[in-house]
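Chemist: Spelled out from the first residue to the last, the chains are:
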Amino acid sequence: MSYLLNTAEEQQAMLAYLGVPSVEELFVAVPPEVRLRRPLHLPPALTELELHRQVEELAQQNASAAQYPCFLGGGAYDHFIPAVVDAIASRSEYYTAYTPYQAEASQGTLQVIFEYQTLMCQLTGLGVANASLYEAGSGVAEAVLMALGVTGRQDGEVLVAETVHPEYRRVLGTYLANLPCSLRVLPAPEGFLDPDDLQAALSDRTAAVVVQSPNFFGHLEEVADLAAAVHRVGGVCIAVFDPISLGLLRRPGDCGVDIAVAEGQGLGIPLGYGGPYLGILACRDEPAYLRRLPGRLVGQTTDRHGQRCWVLTLQTREQHIRREKATSNICTNQGLMALRASVYLTALGPQGLRETAELCLRKAHYAARRLADVAGAELRFRRPFFKEFTLRWPGPTDALPQQLRQRGFLAALPLGRWFPSLADCFSLAVTEKRTRAEIDALADALAHCRPPSRP
Amino acid sequence: MSYLLNTAEEQQAMLAYLGVPSVEELFVAVPPEVRLRRPLHLPPALTELELHRQVEELAQQNASAAQYPCFLGGGAYDHFIPAVVDAIASRSEYYTAYTPYQAEASQGTLQVIFEYQTLMCQLTGLGVANASLYEAGSGVAEAVLMALGVTGRQDGEVLVAETVHPEYRRVLGTYLANLPCSLRVLPAPEGFLDPDDLQAALSDRTAAVVVQSPNFFGHLEEVADLAAAVHRVGGVCIAVFDPISLGLLRRPGDCGVDIAVAEGQGLGIPLGYGGPYLGILACRDEPAYLRRLPGRLVGQTTDRHGQRCWVLTLQTREQHIRREKATSNICTNQGLMALRASVYLTALGPQGLRETAELCLRKAHYAARRLADVAGAELRFRRPFFKEFTLRWPGPTDALPQQLRQRGFLAALPLGRWFPSLADCFSLAVTEKRTRAEIDALADALAHCRPPSRP
Amino acid sequence: AATELIFELSQPGRRCHRLPACDVPPESPEPDLPERYRAAAPPPLPEVGEVDLVRHYVNLSTRNMSIDTHFYPLGSCTMKYNPKRHERWAALSGFAALHPYQDEESVQGILRLLYELQEFLGEISGLPAVSLQPAAGAQGELTALLIAAAYFRDQGQTHRRKVLIPDSAHGTNPASATLAGFETVTVKSTPQGLVDLTDLRSKLGPDVAVFMITNPNTLGLFERQIRTITDWLHEAGALVYLDGANMNAILGITRPGDFGADMQHYNVHKTFTGPHGGGGPGSGPVAVRDFLAPYLPVPVVVREGERYRLDYHRPKSIGKMHTFYGNVGILLRGYCYIRTLGPDGLKQVSEQAVLNANYLRARVAQVLEVPHPGPCMHEFVASARKLLREKKVRAMDLAKRLLDFGIHAPTVYFPLVVPEALMIEPTETESKATLDAFADTLARIVQEDPDFLRAAPHTTPISRPDEVQAVKQPILRWQPSGASSSSPPAPAAPAAETPQVVPAAS
Amino acid sequence: AATELIFELSQPGRRCHRLPACDVPPESPEPDLPERYRAAAPPPLPEVGEVDLVRHYVNLSTRNMSIDTHFYPLGSCTMKYNPKRHERWAALSGFAALHPYQDEESVQGILRLLYELQEFLGEISGLPAVSLQPAAGAQGELTALLIAAAYFRDQGQTHRRKVLIPDSAHGTNPASATLAGFETVTVKSTPQGLVDLTDLRSKLGPDVAVFMITNPNTLGLFERQIRTITDWLHEAGALVYLDGANMNAILGITRPGDFGADMQHYNVHKTFTGPHGGGGPGSGPVAVRDFLAPYLPVPVVVREGERYRLDYHRPKSIGKMHTFYGNVGILLRGYCYIRTLGPDGLKQVSEQAVLNANYLRARVAQVLEVPHPGPCMHEFVASARKLLREKKVRAMDLAKRLLDFGIHAPTVYFPLVVPEALMIEPTETESKATLDAFADTLARIVQEDPDFLRAAPHTTPISRPDEVQAVKQPILRWQPSGASSSSPPAPAAPAAETPQVVPAAS
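Chains as they are written, first to last, in our numbering: chain A, -13 to 441; chain B, -13 to 441; chain C, 4 to 509; chain D, 4 to 509.
Nothing false has been slipped in among the hints.
Partial selection, computed: residues in chain B whose CB lies under 7 Å from chain D:
#: 1; residue: 47
#: 2; residue: 91
#: 3; residue: 103
#: 4; residue: 156
#: 5; residue: 257
#: 6; residue: 299
#: 7; residue: 396
Keep in mind that the hints were calculated from the coordinates and are not lab data.
Each residue gets a CB set at the ideal place from its N, CA and C atoms; glycine is no exception.
Starting from the given sequences, assemble the full structure and let the hints guide the process.
Modeler: This is the structure we're talking about:
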């Protein structure tokens, strides 16, 4: 078999050393009655050439954003990935190493993570960031668990704006299902969380409030006002952000957010059908937060020669030491994705991030104007937005994605599956990759999709 | 600009250190009358994202062997490249290093080349191989130049079989154009060099004889007999081989060949529209040959601590020391391509090379049977062949490649451009990548290409 | 220079990546972005050129040991060779450039792959219902426990609040149980390293929801009484959860479903060789019995004739664990691995992993105490207890010294039940020659001067970082002002005594 | 272990790559391959597993210095940063998987790219007719000389047998001239490092075919009298050939065609940053004046309306230099580079390369003698003559010691006209900080103990290989029998006195 090293002769030599006649003897501890007495029902082994052919065929059965201009958003975006990101991430010293327990053998990974933590602090304006989480949805859940601990309101209430990505909300619900706290969704009929509505919902039971800006519809929330309101009742304000947007927008930390969470996919990580992605989590640099931070942390120290170096630190928060008392059960991070995000942000720098955000903003607004001009279509909400917006459409939206794909686009996320009241709406996202010509062509394509029998 | 490092401030600091007001002052030695006073007429600079789009468009304007099963040969073959080859060749310590002059800083490249030299000796059965040449055509020319020196017959005759790749012959002709020797092509009307015909052409003026096996038509030559005949008149026998074929065939060194040359493209190097490829050259381990070997050589030695290590050696053959008396003007090798070939051969090992050759042989013979069954087609020659064969076709062959491509294949190399007498013939090559289904489909496609008005 | 932080290379105004000019007409009549949302300046990211960036990260990479460069016998982590072909395939744009919200018709290829992988994993475990969604083993554990909770709630058995966990288990087990809202109860091990049946019996009761067992366990031993254990649990109305971290030992040999597990997770990044990525991404699918299938997270990939689709209509589902469908890129590599090996190949993987481990165990046993009787499965635990007693040389000292010989250290101080533990997992992709070199090196090291060992490693870029300082004065980010950090002192939790190095379960 | 040869890891029966079973019916009625052609056994290649192979080559790679890891100021080689985007683009299957004999309709994209590159190179040099075929600079030189020979033959001037070459030229110049059938005549340099016009004048005559000039020359100096020189040559009926190795200094500043060159080659791997690949592949296109266009190798890419095709119908062509069309993969990178930089960017490349060189020259001049007056162009030559005289420290000793500081050595002992030469080319892609670090290091090194310097480097994997032994008892391949080689003693050519390290022209 392809990856087994020892030849039959070497196996014999090893068995001889062990004094056993066959490998079978090494499995004596497995009771005969539970042994599998038949081959697994799996397809037969394939050589690289054969499997290459089959895997390429499977890939070709998909229509990818490499072929079709992609206007889909909803938490995953087709941003451009500079070639340096792939080049660095394909260094096998990074991708074939594991958790950097042995600091002396892992300074590469450790320093990368320390730099990632710093970049996330620079990006968010907060004082501490962990070594990354799986992705944004579970990141929100981990942030809420932190907030429950920080406030001590373990059986309190968690408020989530309806404008937070519905799947983040669902993951959060799953995580909290068996815990004593309660979870309440705050309606946002106009596509944003009205600070007055939040004010009305807050109480001294409020442990955490989760908002997202730009939110699921692409709109900007009044984060600073919301955070201030949460603080007045002693709660923790958790804000989900779009890292690309921070080239232009005020940072969560500067808006008074306590814990900032984001999906880091836009930072040089391929769309990849939804994963692996990168859960960003940063928070206030305060002991109450730090003590409850989930996931790994890398810290700076010195070695026995006095050299600056890096180690995994504050591990007493973690499961392998605290077991059932750990702040979370997480025992990995998304190391390789954190590396990609680090290289991406470093390649862009402040100016590149600003220009990228500016392009997204301007192209999205151009697209919104063009598409709202298509007969029958209109912008559903009147709120400031960043790179994503919602259109109302005269008729059902379920077939739109397929119709648009047949005209050459990956576009239109129908919102009815999450918001029955928005069954006639869909959202579009526009990144810096999209050209004016593509946007214009999308508008033409949409015009052709109009259902014939509606006014 | 993308790759310039110094900021305007740094440039100012450097100019200040130099005490000159502007960069312009540094160009004082360039006479004003030859200064270019206008911008170059070139397209404007493009960012990575913009150029990415344009380059992808250019790539898509080509029909590649990744989309179409490729049956083209003629010196470049669509063999499978295992992923390990790309993975190793993309290590930037290899591809961004240069010539290993400083042995202490270049043991990686030096050891790779030493291993390559060894692999080439193992492959060919000869005692010495150089660090590689540009590609096969100029490799043949270099081999002939060696032979002129070895025999001392500088104004003698060089005989080349007509079955040697016509472009190798043309490159050879170009190289020899201004030298005192003469060049004669030995006809091979039956698709191979008849030893009797060679015998008749040999004389004590014969410096070198160049043959190729498998030859341009895919046929095997009687290399051992030919070499013996050449040796009887004191000439040097140069044989071009196909490295893949040596999984099955007798090695050039074992057939008495003095200098073996090959195109190494099949050893893990992409088709790449004809280059960069790899010129393999190996020869007898004799001082007369070694002294005249063109190109670089890596040798083993020990360092001041007695450790085994590798260095560029026998440089007194080379242009940078011997200048006009050098054995050749070559001052590079195809380092990265030699690395690819080394990884490829190591990945295959003896058994893998044998199986690859066996698959080529059997599939090519199956294809020959299937295609010769197409009405009107027939095998042009009756000679043993390896992976390439020649078909006669009832009508002109110029349009065939395009017709077959429109039916989904890259296939049919019309031979008329080199051999007017074979204007009704084309060749096909079949590698281990081709499947029975593809071969059968090609036969069907060919049947549809039949010119309607011919019998 | 490799140890300079990227921030220290920053030069104001220097740039790497550049963006095209905007090709759409300017905003009008009003600005697209109201002023109150705008930041005065972009974030203070580093400003470097492309060559700076590349040199920095390329040089940094060489300060790692990795599978591609060194033998890496990190117990419990299954550091096997990561095939290069997987990287090539995962990068195909037909996979890498798929948006998760594309219409199903446009993603039939990847859906088919994921569907088939669900089938494969179901067959390998004998637990036919599979969710690929968990992003890592620990999330797989949590998913399974949430499924159990939902099941018992559905059954009206909300009194089942307890999860039993052997003392040799990975720390993720109790942490996941707590996170899922359960109480944890520890079950002791026997001196032979197996579950203490008497202790287990005594803790079994109507309040037990789940027994989380790792089998083979973290000592590398197969629970000989596994059928008794699972039978007892089932008789008590509880579920058995298998921590699948050690599946590499039993592929095609025995199936968790056949020995009584009701749920398990996989570590695709271990057993099916997704690259570990310096700590992730992993992938932790769960497989469960059919009666638990309704509770799996949504969506599940289903097949209808020749079409595949994402099934969200599962009313009893626990919900979602991941925004989308899990770490598809890692799952894809696992799929390719299973298809490369096939049924015979997978069985040979386990046979060779076990043979390698036993051979190395026998060789190491000449040098160090190996406290539990063999044969072992795919890994084993040695103890440096005697060295500590006699020479004050600890397991950690041996681990560090191995680095000097180009061998990554084994896992040390885990499992907790073995003093001065060295947990060694060679995997099937290492040769006898590599194992011999390890054993020879270890034999040489234990003879070395204790002071020299306590100062090891001697050839690595750094040596013996001060971990206490890192905890007492945590510096968790670089700051422009200079050396000292404004980070607050560490949380009060106990620190100094805890082991320095411990393994990842997932 | 990294120094083990791959052959020493071989284990009979071990395998890496495997092939599918044959899917075509067996041969019949007679065997496909007559027995007399068959080898008894396949070649004795090494037998290793995939992890062996990967570890071997990955670890070996780290025993190189490279642009991606170190400053590499190797004079004359233009070791600038190699953009990663080029590697991504060159790997696109629409380029990498094109067969050279595809029909022209199916390769319009690559033909267009090559056509445009021909145009770009013609514009940059002011020599409008371009062949992309030469595979390296040295082959470009040879191509140009064969063109000159063909031209003079065509003109009936076969008496022009001489090629004039300055003594500071790359060794490839005289070697190429000889190979092209010419006799070479050396022209002296002045103490200022420029062509000695008196000597040139004295050697000009009706038998001169070509003057090969490198401008800027190998001392990094621009020939101020270039117009005089080229005018004289043209008056004498000869052609002027420009060795384009140093084009990085003059992009958009001055054009060889404008200062009187009739032919030139480019080094795409230098000026336009094709990666150097540890010694190749390079690419050496030639550009010539229109009257020489008929002699260019076939094919040339031509445009007809919107279509591109390969033009083989050029009756006066010298023929072919390459089986196909040259090193297309490298040409493609050069194309992308030119399109990335654009006209302004290319000029800035030269300006910055020259600024960097002058700055570094001024800093180095504080430490070492820099014999020729400045300003220099993109590189300069320092001399360690004084150190040799005073401390018996040679240029080579400095070069080796630099390696200890993570800096690749400059080119040493070239050009031959400067004793104890160190030829330093920083390129435009290095920062002031990097240049300062180089200068500071050099200043520190020259103060060090001479014995210590003569034993340098001290931190590299090996130090001071015995090159004499390598020549006297050449071991040019590994052999299974063991240490000693059956290779014969070296050829009798003079060896011991020659400089150890010299630069590549091409």
